[in-house]
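Number of protein chains: 2
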Amino acid sequence: MDIIVQKYGGSSLSDTEKIKFVARRIVETKKKGYKVVVVVSAMGKTTDNLINLAKKINPSLPERELDLLLSTGEMVSVALLCMAIETLGEEAEGFPGYFAGIKTDNFHTKARIQRINPGKIMQELDKDKIVVVAGFQGISSENAITTLGRGGSDLTAIAIAAAIKAKLCEIYTDVEGVFTADPNRVKEARLIKEISYDELLEMASTGAKVMQSRAVEFAKKYKVPFVVKPTFNKKGEGTMVKEMEVKEGADVSSVSIDENQAKITIFRIPDKPGVAAEIFTALGKENINVDMIIQNVSKQHYADVSFTVNINELDKAFELSKKVGEKLGAENIEKDTDICKISIIGVGMMNHPGVAGRMFSALAKVGVNIEMISTSEIKISCIVKKEDGEKALKQVHKEFIENNI
Amino acid sequence: MDIIVQKYGGSSLSDTEKIKFVARRIVETKKKGYKVVVVVSAMGKTTDNLINLAKKINPSLPERELDLLLSTGEMVSVALLCMAIETLGEEAEGFPGYFAGIKTDNFHTKARIQRINPGKIMQELDKDKIVVVAGFQGISSENAITTLGRGGSDLTAIAIAAAIKAKLCEIYTDVEGVFTADPNRVKEARLIKEISYDELLEMASTGAKVMQSRAVEFAKKYKVPFVVKPTFNKKGEGTMVKEMEVKEGADVSSVSIDENQAKITIFRIPDKPGVAAEIFTALGKENINVDMIIQNVSKQHYADVSFTVNINELDKAFELSKKVGEKLGAENIEKDTDICKISIIGVGMMNHPGVAGRMFSALAKVGVNIEMISTSEIKISCIVKKEDGEKALKQVHKEFIENNI
Chain A
0 MDIIVQKYGG SSLSDTEKIK FVARRIVETK KKGYKVVVVV SAMGKTTDNL
50 INLAKKINPS LPERELDLLL STGEMVSVAL LCMAIETLGE EAEGFPGYFA
100 GIKTDNFHTK ARIQRINPGK IMQELDKDKI VVVAGFQGIS SENAITTLGR
150 GGSDLTAIAI AAAIKAKLCE IYTDVEGVFT ADPNRVKEAR LIKEISYDEL
200 LEMASTGAKV MQSRAVEFAK KYKVPFVVKP TFNKKGEGTM VKEMEVKEGA
250 DVSSVSIDEN QAKITIFRIP DKPGVAAEIF TALGKENINV DMIIQNVSKQ
300 HYADVSFTVN INELDKAFEL SKKVGEKLGA ENIEKDTDIC KISIIGVGMM
350 NHPGVAGRMF SALAKVGVNI EMISTSEIKI SCIVKKEDGE KALKQVHKEF
400 IENNI
Chain B
0 MDIIVQKYGG SSLSDTEKIK FVARRIVETK KKGYKVVVVV SAMGKTTDNL
50 INLAKKINPS LPERELDLLL STGEMVSVAL LCMAIETLGE EAEGFPGYFA
100 GIKTDNFHTK ARIQRINPGK IMQELDKDKI VVVAGFQGIS SENAITTLGR
150 GGSDLTAIAI AAAIKAKLCE IYTDVEGVFT ADPNRVKEAR LIKEISYDEL
200 LEMASTGAKV MQSRAVEFAK KYKVPFVVKP TFNKKGEGTM VKEMEVKEGA
250 DVSSVSIDEN QAKITIFRIP DKPGVAAEIF TALGKENINV DMIIQNVSKQ
300 HYADVSFTVN INELDKAFEL SKKVGEKLGA ENIEKDTDIC KISIIGVGMM
350 NHPGVAGRMF SALAKVGVNI EMISTSEIKI SCIVKKEDGE KALKQVHKEF
400 IENNI
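Residue numbers (numbering that gives the first Met the number 0), protein chains in the order written: chain A, 0 to 404; chain B, 0 to 404.
Read the hints as simulated data drawn from the structure, not as lab findings.
There may be inaccurate statements among the hints.
It does not matter which identical chain is meant; a pair holds if it fits inside one copy or across any two.
[Said to hold, decoys possible] In silico BS3-like pairs for lysine-lysine, Cα to Cα no more than 25 Å straight-line: (1) Lys-17 to Lys-44; (2) Lys-271 to Lys-126; (3) Lys-321 to Lys-284; (4) Lys-54 to Lys-19; (5) Lys-17 to Lys-334; (6) Lys-55 to Lys-109; (7) Lys-321 to Lys-19; (8) Lys-54 to Lys-44; (9) Lys-128 to Lys-54; (10) Lys-29 to Lys-55; (11) Lys-31 to Lys-17; (12) Lys-208 to Lys-241; (13) Lys-128 to Lys-241; (14) Lys-119 to Lys-326; (15) Lys-119 to Lys-102; (16) Lys-19 to Lys-55; (17) Lys-55 to Lys-17; (18) Lys-55 to Lys-44; (19) Lys-44 to Lys-326.
Just chain A, with the same shape it has in the complex (with noise of 0.2 Å):
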């Protein structure tokens, strides 16, 4: 018989109604003839609401009991659901994270899982139970509750379905899918039938919300196929993700805005060798992700060097660069918050070198000036002054998506 793992997010469980809708959702399934384990997070806001009452007692939140605190979030969840199932006259088994043998390392509030024993939910689905499984946590070498970070519940679940050889994860949501652009931002967007691991992430890295990088991750290692569903709309298909050949044509998955970036440039410093290093390596030290970079021409023996940073980091990045910068004799250092970038994704688009041409063609038409430009096997991003961001997002999905049936 066939496993489906299943992940409810917070927003299916938020009150009583929505989980007794859930418990039949999967009471359907097991119905189908299916083998059911079902990941859970906890309902609604409980984790912000948690972490609130925790910054009350002790502002700096440390983690080993924060981690305590928030996983009994969905511990509520799952028994609750149980409840919920066996109204419904089917048996359910619910564990904490730590009872279905999901063995984290020992970082609190960031854990990574290390390996699953799913022994006991095998034994429980051999039983003909429905297995319910608090997302979002386990159990380190030293016997404490861990939790995997935010959107740990998705990360659970794939890990799971990996475990136990699952036929498909399910991870349910609040939204009807993966689209080809924010369809609160372009109302031309579509859903997106499938879509590769690969695509996925790069389009949480330009921006786009919709899985834990890390969960995809895990997927695309494991190979385990997933699928990105509707929770409340039981028509909804959803976006199947998994490996994909490379396709002709269609190159373009999808479209993403970025408004949390800034800009830092350097102006004005000794173009030899070692110098960008320096910057670099003064911002890796502490663990500021640097996206783009770009060094204008050398003028000489001087060059300007501008990157970006997610605008959380830009003051931390803004002083070190202040700091790397002088020491290198540059003439000024400025940052720049009125920026976004715009990308495009899609499987195999180096194998279709007219991507890019078009691309910077789509916002020359709506006389959008590009200032930066990076690119990967499936991504090309565009840094726009923040003003046009909308402008073109709106034609290069209109390009690439809307002419392009």
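Could you slot chain B onto chain A? The hints should help.
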């Protein structure tokens, strides 16, 4: 170094300010040179709120899932209290019940502690940490989370104190300690400085809500001395509970009233061996607890039997009594909720034969008629009309406590 176990109830932890206050008390105790283990209940009304949530989903409240659900309440308290302790510069280690080595039987929602493996607690104490344990919960031989029933955190504290040979167990609460009578009803009521396990047990059975009886029985069995103290009045010394020798004089330590009693009378049944047994066997089979029984003097081989039960069980007891009574040919069966029970409790009462007489005289002096009487080694209870209850309570308190300084 001596160990002190402290237990804080839900009302002592109902908001973040109270949790910080409790943390300070704990740290002060450690600074006095003790090793400290703390047992906590769920914050304020958390347990009731979780039960209400569960009822909306599955009114039958499946017990295994309910235990998983309720156990989260104490875990939240553990995590927050540890955080609060750490802001004061002490190290704290928080344990859910199962990590603390509390092994129970498999009777969910009312599990009994079978043994405690205090190894992990001792290990953390030896590292100079304050150990905080979730009360009310343990783990069954089937590796499921169990709970110990209402008031179970007291039991957790006493049992841990026994297992780790603590010098003292402190039960912190929202009252000043144990009183000679309910201070809300008898304004002359006084705090009792010392009381024996047996007296405290009898008080619970006579309607005075002090502590879960199982916790007191456990303390008596393992000779764990404990003190019931106010959390928020640091000067309050509370009531010490321990094994006590029979003292001369000052026989009565407390007076109580129980208004949740009801009386059933079966009129005119054959006065022959086995008849009483038939009635009370039938009630016992249905788990109905009978408190007092009187059988009047036989008239021509017929007798009347009256007994009292808790008002919650009256309907069930009355139906059963009618069935058995009719079978025995009883003339009539009546119920009466217009009664209450006045009790006096004191070690060594039986060595002072005048005590019962003094109680009856005190009641007679204020015109209160006695309907039923029962006595034990350390207790005398009288059933009187409900309307006489207040007057009877005050007069008996005056006779034995106020006049007996």
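Hints and how they fare:
| no. | hint | result |
| --- | --- | --- |
| 1 | Lys-17 to Lys-44 | both (14 Å within a copy, 24 Å between copies) |
| 2 | Lys-271 to Lys-126 | neither (69 Å within a copy, 54 Å between copies) |
| 3 | Lys-321 to Lys-284 | within (15 Å within a copy, 84 Å between copies) |
| 4 | Lys-54 to Lys-19 | between (32 Å within a copy, 12 Å between copies) |
| 5 | Lys-17 to Lys-334 | neither (46 Å within a copy, 46 Å between copies) |
| 6 | Lys-55 to Lys-109 | within (22 Å within a copy, 34 Å between copies) |
| 7 | Lys-321 to Lys-19 | neither (56 Å within a copy, 42 Å between copies) |
| 8 | Lys-54 to Lys-44 | both (16 Å within a copy, 21 Å between copies) |
| 9 | Lys-128 to Lys-54 | between (39 Å within a copy, 22 Å between copies) |
| 10 | Lys-29 to Lys-55 | between (44 Å within a copy, 24 Å between copies) |
| 11 | Lys-31 to Lys-17 | within (21 Å within a copy, 52 Å between copies) |
| 12 | Lys-208 to Lys-241 | within (18 Å within a copy, 62 Å between copies) |
| 13 | Lys-128 to Lys-241 | neither (28 Å within a copy, 49 Å between copies) |
| 14 | Lys-119 to Lys-326 | neither (59 Å within a copy, 53 Å between copies) |
| 15 | Lys-119 to Lys-102 | both (13 Å within a copy, 20 Å between copies) |
| 16 | Lys-19 to Lys-55 | between (33 Å within a copy, 10 Å between copies) |
| 17 | Lys-55 to Lys-17 | between (30 Å within a copy, 12 Å between copies) |
| 18 | Lys-55 to Lys-44 | both (17 Å within a copy, 19 Å between copies) |
| 19 | Lys-44 to Lys-326 | neither (47 Å within a copy, 60 Å between copies) |
Checked against the numbered hints given earlier, the structure breaks hints 2, 5, 7, 13, 14, 19 and satisfies all the rest.
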